[in-house]
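A.B. asks: Let the hints inform the model, and build the full structure from the sequences given.
Number of protein chains: 2
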Amino acid sequence: MKLTFSPASPFARKVRIAAIELGLIDRIELMPVTVAPATRDDEYSKITPLKKLPVLILDDGDVMVDSYVIVEYLDELAGGGKLVPATGPLRWKIKRDHSLLQGMLDAMLLCRYENMVRPQELRWKAWSDDHWNRAWLGMARFEQEAEAMTGRPLDIAQIALVCVLGYADFRFADCGWRQAYPKLNAFHDRMLERPSVKISLPPKA
Amino acid sequence: MKLTFSPASPFARKVRIAAIELGLIDRIELMPVTVAPATRDDEYSKITPLKKLPVLILDDGDVMVDSYVIVEYLDELAGGGKLVPATGPLRWKIKRDHSLLQGMLDAMLLCRYENMVRPQELRWKAWSDDHWNRAWLGMARFEQEAEAMTGRPLDIAQIALVCVLGYADFRFADCGWRQAYPKLNAFHDRMLERPSVKISLPPKA
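Chains as they are written, first to last, in our numbering: chain A, 12 to 216; chain B, 12 to 216.
Rather than coming from a laboratory, the hints here were simulated on the basis of the structure.
Heads up, none of these hints are tricks.
List of simulated lysine to any residue pairs, SDA-like, C-alpha gap at most 25 Å:
| no. | chain 1 | residue 1 | chain 2 | residue 2 |
| --- | --- | --- | --- | --- |
| 1 | A | K209 | A | P164 |
| 2 | B | K13 | B | L120 |
| 3 | A | K104 | B | Y84 |
| 4 | A | K136 | B | P130 |
| 5 | A | K13 | A | L41 |
| 6 | A | K104 | B | V74 |
| 7 | B | K104 | A | G91 |
| 8 | A | K136 | B | A47 |
| 9 | B | K57 | A | Q190 |
| 10 | B | K136 | B | L120 |
| 11 | A | K104 | A | E158 |
| 12 | A | K13 | A | R205 |
| 13 | B | K136 | A | D53 |
| 14 | A | K57 | B | K104 |
| 15 | B | K209 | B | D117 |
| 16 | B | K57 | A | G187 |
| 17 | A | K104 | B | L88 |
| 18 | B | K136 | A | R123 |
| 19 | B | K215 | B | A47 |
| 20 | B | K104 | A | I68 |
| 21 | A | K57 | B | R189 |
| 22 | A | K104 | B | L33 |
| 23 | A | K136 | B | R129 |
| 24 | A | K215 | A | Q190 |
| 25 | B | K194 | A | I58 |
| 26 | B | K104 | A | V95 |
| 27 | B | K136 | A | Y124 |
| 28 | A | K136 | B | T45 |
| 29 | A | K104 | B | A97 |
| 30 | B | K13 | A | R102 |
| 31 | B | K13 | B | R38 |
| 32 | A | K209 | A | A184 |
| 33 | A | K104 | A | L148 |
| 34 | A | K13 | B | R152 |
No experiment lies behind these values; they were computed from the predicted model shown.
C.D. replies: This is the structure in structure tokens:
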């Protein structure tokens, strides 16, 4: 299998961490791709009309988009019920939490595009404020969850949360999340003890 | 359960159609909500920091975001394996197709915000062209799938596709998808025979 990949993408990082933790990383070839909104890329659009990272390209040529569905698929390949519990009370809690975190990443990415990619004279502060606020309020919610999450076996929500925080460091270095959310900071430190989390840290901005 | 809802939201429409088809609509109270990007809404942000539609509010107060995960949850409530096959070769095909369609809806929504909500002097044509192109190329891909989809029992990918096409009619009435994609047009006509699809058509723009 191939995975379209950039070290800057928090969604690609999520899949990479999952693949390492599931013992599948050796079966996946990372394919470096750079994507930029508002720029045509006919070659990559043939792989995915959505022009986003990551995409898992299966050995038969089929493509799978959306980091969440890719992780679900890898989880099943690895036997199932590893990073997304197959049953039980935690199953929907973890899926719910993951959806929130995925939405926070989407909001942060839109915020970055607004503040750093869009031509300066076309930026709309109310838009980026609103999207940053979605991520920030989301972090406040997970500040209440961080201790419980640290105590659980690894799951897709924990992986997504570390990707949110790593992306905040990478693209919003001055946002002050560590001061505002000390329990998230402790969670992040604990997660960094995992080689999968450490090796996949985004590059220096 | 309650579902935050707007007749204009293609994501809320997807959940509504699924709930009707799963026989669960009578257990769900539709809660009208209007969301607007770049506008604060402290009340709704308390329900979901992502400030998006739809949200399923469970009877114990827990919230579930993301129309896909909500449909998965409702599917399990209805016995499982109805709109998302539990096993078999179609399972990952349908999940993959649904992810593409979900991404097409995201791109169309960003396009609408750019062209119709953002202050006129701040619009970036390359951004909206790129996002429209993602949806349009995605439709081209589903033009190849439409006949096979029509022949299958109802699933989440078919529901998402009818929501993409309905949203194109609603917000991009002049885009010409019917002429460009005649098989999608035939698919859409067939889907409209279902009361769930018909009752949930978006309002006139």
